[in-house]
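From first to last, the protein sequence lines stand for chains A and B.
Take the first sequence: its position 319, counting from 1, is numbered 321 in our numbering, and each next residue is one higher.
Take the second sequence: its position 129, counting from 1, is numbered 577 in our numbering, and each next residue is one higher.
Treat the hints as calculated values from the structure; they're not laboratory data.
Just so you know, even glycine gets a beta-carbon here, dropped at the ideal spot from N, CA and C.
Please note that a few of the clues may not be correct.
To be verified - Derived DEER-like restraints, expressed as beta-carbon distance ranges:
| hint | chain 1 | residue 1 | chain 2 | residue 2 | range |
| --- | --- | --- | --- | --- | --- |
| 1 | A | F41 | B | D526 | 48 to 58 Å |
| 2 | A | P103 | B | F475 | 33 to 43 Å |
| 3 | A | T19 | B | L483 | 26 to 36 Å |
| 4 | A | P103 | B | L483 | 23 to 33 Å |
| 5 | A | L108 | B | F475 | 49 to 59 Å |
| 6 | B | V467 | A | R104 | 29 to 39 Å |
| 7 | B | P453 | A | P509 | 27 to 37 Å |
| 8 | B | V467 | A | M363 | 38 to 48 Å |
| 9 | A | Y281 | B | M480 | 26 to 36 Å |
| 10 | B | T488 | A | F41 | 40 to 50 Å |
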Amino acid sequence: MAHGPSENFFNRWLFSTSHKDIGTLYLWFSFAMFLLGGFFAMVIRAELFQPGMQLIKPDFFVQMTTMHGLVMVFGAIMPAFVGLANWMIPMMIGAPDMALPRMNNLSFWLLPFAFAILTSTLFMEGGGPNFGWTFYAPLSTTYAPDSVNYFIFAVHIMGASSIMGSINIIATVMNMRAPGMTYMKMPMFVWTWLITAFLLVAVMPVLAGLVTMMLMDINFGTSFFDAAGGGDPVLFQHVFWFFGHPEVYIIILPAFGVISQIIPTFSRKPLFGYSSMVYATASIAFLSFVVWAHHMFTVGMPIAGELYFMYATMLIAVPTGVKVFNWITTMYKGALTFETPMLFSVAFVILFTFGGFTGMMLSIAAADIQYHDTYFVVAHFHYVMVAGAVFSGTAAVYYWLPKWCGKMYDETMGKVQFWIAFISFNITFMPQHFLGLAGMPRRYSDYGLQFADWNMVSSVGAFLYGGAQLLFLYNVIRTIGWGKPISDPQVWEGAQGLEWTVPTPAPFHTFSTPPVIK
Amino acid sequence: MSEAPVHRNLLIKLSMTAVAMFAFAIFVLPPMYDLFCEITGIGGKTGGAYTASEITIDTSRKVEVQFVAANNATMPWDFYPTEHKVFVHPGESRKVTFFARNKTGNDMVGQAIPNVLPNNAADYFHKTECFCFNSQPLGAGQEAELEVVFILDPDLPVSVNTVTLSYTLFDITDRVAMQVSQIQ
């Protein structure tokens, strides 16, 4: 019975049905995409280091901004959290594996193909997608490069992968919980992922539908988005953001879950307001479906529409505020220690809240006319995507890595990485608020001289931040290869939950017999 | 594998949800959007051909109707209204003309898309005849006088004193060629 993974390298990784191996594949893949998307960002910041055109042509610049967004959102952040879900959810709910292990293998192995296709467009005649990651029609239809069909195909494949992954997570959480593991006893990470998975099943098909409509407009003479044939490009924006707004919560809810696991551990207190956390997550998910047009305040909406979307958007601050309050209250009077995962988590709470506040500014319909499509928006969503999702993903890796590989990472190097990342992140994105408020538009390869100083500062920060990620990669590889072995199942003194009851490193099979939940 | 049927039920339900959302995006959202715009008049979309009925002309009001013509993107034709504005009584039928000339050396097909501002006037702007109901084929160097016959509904909100009718002219030569080749 006690058989391990296949001895053959290719059999083990290509045909794996183990949630742990697939989780590992997802995490490595997403880190590779993170470096690729990061490389695109470095190209962008290098060109913006000085005003004028130095390194690349404007058309290639917009291909870089487009690919940076697509690769980071769909290739780096989403698969990273699916990888964490694969590794942790079965161990957190006392299940032996995911519910549908073979589909799990398929949903991972679709991703490398999707991103190979997407990245290959950069080498095609006419270049890759150059219409921004939001690919608004008619830029992405009438005026798109020929490679747009490959882009559409890639989006279809990654969408199929996400839908399968989320169906698997829902089936695992709903059917495979250990006896006694009621819904309201599930760890927050499992809860946030359950809700995220439902969001994914609801909106990824809408994205697939949207790109299908594009495909038909481009190749089959329909005119969903072409005014010449009676269509409407504004329809594109409505359908896109009907997908796109839930998408941003798909990215951030699992991050909330990670933070809700880490902060109690290093505060040595249970999570404050568990049930309010669950309800807040569900409320955020529900509200995400009814606020989409706040991305389109400048499109020409009737005043009643602007007011509705403004107030509905502001309403999201309430459940989000509940979550921030609960994290802070969990830390209050706790026996705090600041290991690397905790540092990233505390930074998450501070910087995510900051990003939330700029979001509040953007939600004001009247003011948004000024902020729309400027670097203020860029700064805002990088505060929530990078300091939010990426910091939380980094925290999660440091937090669970010892459990995964049975070796301890280098704490000093982790802390050094944290401080470089924290400081350089703010050097990169804080000035972009100023640039945006002063009127610098996003997605341009050049800018007026008045923006020169802050752009240079921002680029310096970005290079430093990129360097911090290489340190992260080095630390992880060093840990797996040469880290100090540990065998304590608990790993962290204050950690609670089933994943800390299995041996360290986690054996290939865990919970073959369900644990007893008290 | 004792749990397999449980998983299968859930798998079927969730897959059907995904398929339903896909169909919703393609088959429900666009018509819903059009319907919403039609009901609210957002986007200034005007209706199709209007059959005039016996309506009384409201001589107590005079409304200014302005005409705007624009070419979309790379459309090279000359295209402009012959009169830039007219004053009409609500209920009165009025004919105006637009001028178009294909100044290129190629045969082309144009399509004009109308838009009415303010939004709350769109529902009350009736066109009994309009060149925008059809596409406009013009040979190389050809020119044409394009006609619109419109009636402002007497129910036009009293707050509206000026209505702007704008046309954007699109080059649909390729689109027509593609449809012809698909039929053949």
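Right, here's what the structure says about each hint:
1. As the Cβ distance of F41/A to D526/B is approximately 49 Å, the hint placing it in 48 to 58 Å holds.
2. Restraint check, P103/A to F475/B: a C-beta distance of roughly 34 Å satisfies the suggested window 33 to 43 Å.
3. Taken as a hint, the range 26 to 36 Å is violated for the pair T19/A and L483/B, whose Cβ atoms sit roughly 47 Å apart.
4. The hinted window of 23 to 33 Å between P103/A and L483/B is violated, with their beta carbons roughly 45 Å apart.
5. In this structure the supplied range 49 to 59 Å is violated for L108/A paired with F475/B, their Cβ-Cβ distance being about 28 Å.
6. Separated by about 21 Å at the C-beta atoms, V467/B and R104/A break the suggested range of 29 to 39 Å.
7. Our hint of 27 to 37 Å for P453/B and P509/A holds, since their Cβ atoms are close to 29 Å apart.
8. Checking the proposed 38 to 48 Å range against V467/B and M363/A shows it holds: the Cβ atoms sit about 39 Å from each other.
9. Against the hinted window of 26 to 36 Å, the Cβ-Cβ separation of Y281/A and M480/B comes to about 30 Å, which satisfies the hint.
10. For T488/B and F41/A, the hinted distance range of 40 to 50 Å is satisfied, since their beta carbons lie about 46 Å from each other.
The structure does not agree with the numbered hints 3, 4, 5 and 6 stated previously, though it agrees with the rest.
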